[in-house]
Amino acid sequence: MTASVERPPAQPLQELPPAPRGSLVKAELHRFRARRFIQVLAGLGVLGWAAAIIIGLFTFGTPTETDYAAAQAQVDRIIQENETYRQQCLDDPPSDAPQGVPADEVCGPPLTEADIGGVESFLGKAPFDLAASGTVGAVAFAGLASALAFVVGATWIGAEWSTRSIVALLFWAPRRMRVMGTKFGVLVAGATVFGIAAQVGWLIMAGILDAAVGTDQPLPDDFWGSLLQTQARGVLLVVLAAVLGFGLTSIVRNTGAALGIAFVYVVVIQLILGNAKPSWSPWLLGTNAAGLVMDGGVRLTFWDKVDYSADKLGQPVEYYLGNLQSGIFLTVVAVLLVGLGTVLFARRDMQ
Amino acid sequence: MPAVVMEAVTKTYRGRRGRPPQKALDDLDLLVETGGVHGFLGPNGSGKTTSIRVLLGLVSADAGAARLFDRPVPDALPEVIGHVGALVETPLFFPNFSGRRNLQLLAEVAGVARTRVDECLDIVDLRDRAGDRFKGYSLGMKQRLGIAAALLKQPRLLILDEPSNGLDPAGIRDVRELIRRLGRDGHTTVLLSSHLLAEIEQVADSVTILTRGRRVAHGPVREVLAGRSTHDVVIRVPDRESAGAVLQAAGFGLSPFDDVRGPALAVHNVAAPGEVTRLLAQHGQYLEELTPVHADLETAFLAITGEPA
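Chain order of the listed sequences is R and Y. Residue numbering for the first sequence follows this note's numbering, starting at 1 and increasing by one per position. Residue numbering for the second sequence follows this note's numbering, starting at 1 and increasing by one per position.
Chain Y extracted, bound-state conformation:
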């Protein structure tokens, strides 16, 4: 049973103050299987947050269907909301209440034991400051409290929208570890929306990429990357100029560059790296290094969405 399904969901926001209507979702499909971490990627304004709001019943779709754990939302949302924890954009809490009191209020609503509040504060390393007022928290602390709130229900589905916003490097690492751990626990499915592509790449098992409200790629991260292979290799040779002349004569595109390890040569559109080795050897040029250039998620993302690098 998938954790999340969206089928042909469309949403257009009414134009206000003379602005034209804005199509936020355009026949969007989304499938998140149960378990693991699913990355949700897209440029700003691509519809990620609107999609999450539709799933949580905060925004009504104009057309299409959405389901959480096979229950239609928003109609059956009360049946499944106990399984869903969410942090959507900025954490929303009462500024004059302490972090602990804010969590206690939420715990009371769902009938969650008070001991769970301190457990969640421990998880996000906020217990020492739990008695401080929320408005005195740094952005990173606010974000961590938001994650703690999302974890209160021990959710089967954890929806995190930009959870690393405002966190320092150590905080980002901690959140990444937490997400990774939750994704492996066999209990939790994490839907992670983030603009930090490297983060998604490091923790996500599968990914959906959307742009202008439409899904443009989806599947396991490896498959999405494989479909965007660069067919480039980087070589290092004792005589870069001579080697470059040989390869150029054979029709390869070249990009010489220097890095900390010295001069190198990027060779483009190499169908078989062995061809490069053979050509150079025939001309007395022997390789010191040949490294295929793997596509990273960022490259794939930019290529798919058409965003400038």
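With the rest of the complex left out, here is chain R:
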């Protein structure tokens, strides 16, 4: 049976008021905050951070004068014993010593306190040394946060592809570049907050450890400047890692595939190739990540390349990878990946 209906005349199409400015950004921010994966990650991060503080409080201690005196006595004894052996060596050099090498070189210089890690190394529980640990901790927090940020970036767009909800979103916001740009912007904002939170977490943790079990030694003059610069670069690394995850997943449209590629890259290219061909290290992401965030960059030694210049005959080539160079390299790679992913998204048929 066919339905026969009487219809009122159709209304002419009227212009709809445009969606409120920033509505897509608001919706994407809403989704970012509401994602269970990010909430779980944040919760685990806070738990891990609290556990690290507790472990730190038990690992470091507040030695008494007596503890210091005992440790100092141990250090002095080791230095004295070593000096005795050294004097014996100088008086009676070993018979198998190379010909023509002075006894000073054969027997080595006198042992110092610094050579054996200082008096703190001989304490049962050494105090927390903020001056020595400040930038090291900032780098470690940046490294951990970057690994998580990569996963967040990959799953942020990967979840859209796996559920294909990005296709449904295009029914509402058909400008694909705007959709991709908004998702990218929200991710960068989220990663920035995450990176800052990680570094603030380190500062709070270091502050607690310093107050509870820290040394009484004054901090060096340039301590805070150096630490804050390292932390700022750490935040940049977190953002770049998130962008790399986002860009790679945009290309392959699958979180698992993107994480698999990242794993293979780290194991095969970064570790194996990096060790087999050290001269390629300046072109590897992991090396550049270290170059970006480490205070003063990293100094690489190319064991596979020998410098035959007059003054360094036979020495392996040394290469300085600075913060700026590493930052530019990582940024270029991130831009290329996101750019390719965006172009493919704009041109692909959505099925």
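Don't read these hints as lab results, they were simulated from the structure. Each residue gets a CB set at the ideal place from its N, CA and C atoms; glycine is no exception. Treat the hints with care, since some could be wrong.
[As the list claims (entries may be wrong)] Under 10 Å between C-beta atoms, here's a sample of chain Y residues computed to sit facing chain R: (1) Pro-21; (2) Arg-53; (3) Leu-56; (4) Ser-60; (5) Pro-78; (6) Ile-81; (7) Leu-87; (8) Val-88; (9) Pro-95; (10) Ala-110; (11) Ala-149; (12) Ala-150; (13) Lys-153; (14) Phe-257; (15) Tyr-286.
[Unchecked claim] Estimated spans, in silico, between C-beta atoms of each pair: (16) R/Gln-315 - Y/Gly-15: 56 to 66 Å; (17) R/Thr-192 - Y/Gly-64: 38 to 48 Å; (18) R/Arg-178 - Y/His-187: 20 to 30 Å; (19) R/Ala-346 - Y/Asn-44: 24 to 34 Å; (20) R/Thr-192 - Y/Asn-44: 41 to 51 Å; (21) Y/Ser-60 - R/Tyr-320: 41 to 51 Å.
[Said to hold, decoys possible] To list a few chain R residues with every Cβ distance to chain Y over 12 Å, as calculated: (22) Ala-42; (23) Thr-84; (24) Leu-123.
Once you've looked at the hints, dock chain Y against the given chain R.
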């Protein structure tokens, strides 16, 4: 102004992994006038969903033109997308978000008031389960949420691709009523793609039938059916054998059958039913019943597309 126009639209998908290219749309024409319900019929793989994807800018056509409310798509799609609601194949939502949150996210994108979310949940009778995670929904609930999402914008054009998938009989009836109601409201045009031909027949005012990416019939449902009249009648008489002999001698094709009401006789290619009455009366056979066999949409669809019944 038509709601939907497609003119000579062609789309060929690239072959992948050694498969040959696949022509999904082949000079397809589609015209959906504003208002009412337009059925979109075709066998699986005939190009219905590809057509819808072209209209929504998800797939780019190789040739031809498509327009929504007289605006060319995909170029002017942002101008008209606020008037278009769509459910294409399986509803696409975030599995770990609740039904309500999924709709709220979409409402935020378009600047739709949050109160509209609950209105739409009410329409599809899903408000009680709106707080549950989407991944815990049954297929029918997912489908209803998809319809609710399509309704959020109070669209002038509602595109529904197989909306009854997974619904139970009561759900199918509810969706049918909803589509019928929307088609009559003077505001909404419904483009309904479905393999449930009876459903199309019950709610659609006009229909387009396509096969292998081409339109093979279109127009008001009544006209499409009229063009496929069977010219068959079913008769019941006290003595089926004698009546059959009379009609056979006169050159009619016959198919005797039995149903719950008893023995009957289908008489084929009857140009004028009065001829059957006259012949039988002349031989002392008097009819208890004579019923013309109307073509239903399924019959017409199968005949037009060449699909086996």
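Going down the list of hints, with the structure as the test:
no. : hint                              : verdict
1   : Pro-21                            : violated, 13 Å
2   : Arg-53                            : holds, 7 Å
3   : Leu-56                            : holds, 6 Å
4   : Ser-60                            : holds, 6 Å
5   : Pro-78                            : holds, 5 Å
6   : Ile-81                            : holds, 5 Å
7   : Leu-87                            : holds, 9 Å
8   : Val-88                            : holds, 8 Å
9   : Pro-95                            : holds, 6 Å
10  : Ala-110                           : holds, 5 Å
11  : Ala-149                           : holds, 7 Å
12  : Ala-150                           : holds, 8 Å
13  : Lys-153                           : holds, 8 Å
14  : Phe-257                           : violated, 22 Å
15  : Tyr-286                           : violated, 30 Å
16  : R/Gln-315 - Y/Gly-15: 56 to 66 Å  : holds, 58 Å
17  : R/Thr-192 - Y/Gly-64: 38 to 48 Å  : holds, 46 Å
18  : R/Arg-178 - Y/His-187: 20 to 30 Å : holds, 28 Å
19  : R/Ala-346 - Y/Asn-44: 24 to 34 Å  : holds, 30 Å
20  : R/Thr-192 - Y/Asn-44: 41 to 51 Å  : holds, 48 Å
21  : Y/Ser-60 - R/Tyr-320: 41 to 51 Å  : holds, 50 Å
22  : Ala-42                            : holds, 15 Å
23  : Thr-84                            : holds, 70 Å
24  : Leu-123                           : holds, 50 Å
The structure does not agree with the numbered hints 1, 14 and 15 stated previously, though it agrees with the rest.
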